[in-house]
Amino acid sequence: MQLSVTSGDAMLGRVAESVRRVTGAEHTLVVHRLPLPSLVDVLAACGAGAPAVGTRIAAPEPHPPDRMVLPLSIDGVSLGAIVAHGVAHPLDDPAQHELALLSGLGTLALQNHLLILEAARRTARQAERHYRLLAGTIYHLKNAIAVGAEYIELIDLEGELNDTQRDYVTRSRRSVATALRLLSELHELGRADAGQLVPKPEPLNVDSLIRDAVRDHRLSAGTSGVTFDYLAHPLPLLRTDPDCVRQILDNLLSNAIRYSPADGHVTVQAAVREGRRARDPERWLRIDVADMGPGVLEREGVFEEVERVERKGAPGFRLAISRRVARLLGGDLTLETDGAAGSTFSLWLPLEDVDDHV
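The sequence shown maps to residues 1 to 358 in the working numbering.
Quick caveat, the hints were computed from the structure, so don't treat them as lab data.
Some hints here could point you the wrong way.
Below, computed lysine to aspartate or glutamate pairings styled on EDC-like, alpha-carbon distance capped at 16 Å [said to hold, decoys possible]:
(1) Lys200 with Glu153
(2) Lys200 with Asp241
(3) Lys142 with Glu188
(4) Lys142 with Glu185
Beta-carbon label-pair distances, calculated as ranges [stated by the list, open to error]:
(5) Leu115 with Pro90: 34 to 42 Å
(6) Arg21 with Asp332: 33 to 41 Å
(7) Gly49 with Arg283: 27 to 35 Å
Quick caveat: nothing in here was measured; it's all calculated off a predicted structure.
Cβ atoms here follow ideal geometry from the backbone N, Cα and C, with glycine treated the same way.
Assemble the whole structure, with the sequences as input and the hints as a guide.
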């Protein structure tokens with residue numbers, strides 16, 4: 001019989017597998033007892049016919065005729081059980097001794113699993129509280145800055161300004177725009193960290209999306225002289241969140257324009273790549289955005305918001321946000337550069353087995 005183990009916790013899966021081997025059972029489960037005594041959650045399972053991990057089933061009887069139940073408890077408090085279905089034969093003393101050891105190991109593994117879950121819940125609650133505080137603060141800051149911006153406009157409209165005063169107004173507008181941009185980026189970063197960004201996958205003609213993004217940014221480059229090339233290979237259909245992909249591309253293209261010299265050149269390329277690492281069986285769609293800017297090293301913290309804030313000059317959170325969003329999509333955002341001239345940011349998106357091309 002082919003053995004299969006499915007578990008969110010490797011140790012619980014190995015315990016279930018070992019109990020099945022010792023008892024000769026058809027399948028084994030590690031279950032967690034819920035506040036409702038009639039139900040348990042399946043945390044690990046192996047063998048043919050086993051319920052899927054993550055399902056909720058009826059609690060096993062204490063002494064069923066066709067099963068073996070090994071209680072998992074600490075100081076008399078029940079945490080769950082290891083359940084072996086269809087035990088093939090009576091067990092001898094060595095097997096009973098091995099099951100006792102596995103029961104102790106299973107208890108420790110289950111306790112560790114529950115502690116990790118509780119820590120994750122507390123972290124999520126804390127992140128949610130921090131996000132609400134951040135969102136509220138940003139809201140009030142934006143309102144205050146907007147009032148300041150209105151006063152700047154009133155100054156510009158009332159009376160004649162000399163060249164120096166008009167220069168002050170222009171610089172003030174630029175500072176207001178930068179502050180609002182940073183607050184918007186910080187809010188987006190907080191959403192990502194608090195789990196508020198939830199991708200909504202759908203079929204995507206990624207070639208069309210890239211062409212639209214390049215066209216829009218070619219227009220926005222205006223008189224800067226920055227030119228664009230888009231090199232597209234045959235691309236398969238992609239199932240992902242179009243808005244998230246467009247957000248990342250917009251950030252990368254805006255970044256490329258910002259750091260490219262006058263009359264610089266930006267190259268966008270998209271192609272299917274096999275595994276990114278040795279023995280990686282996955283297929284990826286990789287979108288490269290290469291610029292002719294001054295170059296940057298990843299160790300300078302381009303993807304880390306804290307290091308970006310600590311560096312000289314105006315901080316920016318777009319790349320930190322873009323990497324988080326890329327990873328939410330199951331992919332990544334990477335950087336290739338020699339630190340001297342030019343940088344290539346690559347967006348990696350996982351591909352399903354789709355033969356159709358766009």
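Hints, one by one, checked against the model:
At most 16 Å may separate the alpha-carbon atoms for a hinted pair to count; Lys200 and Glu153 exceed this at roughly 40 Å. Only pairs whose Cα atoms come within 16 Å are accepted, and Lys200 paired with Asp241 is accepted, the gap being roughly 5 Å. Restraint check for Lys142 and Glu188: the C-alpha separation of about 14 Å stays at or below 16 Å, so the hint holds. Restraint check for Lys142 and Glu185: satisfied, since their Cα atoms lie roughly 12 Å apart, inside the 16 Å limit.
For Leu115 and Pro90, the Cβ-Cβ distance of about 36 Å falls inside the hinted range of 34 to 42 Å, so the restraint holds. For the pair Arg21 and Asp332, the beta carbons lie near 38 Å from each other, so the given range of 33 to 41 Å is met. Distance hint check for Gly49 and Arg283: the Cβ-Cβ separation is about 33 Å, which falls inside the suggested range of 27 to 35 Å.
The structure fails to meet hint 1 from the earlier list, while all remaining hints are met.
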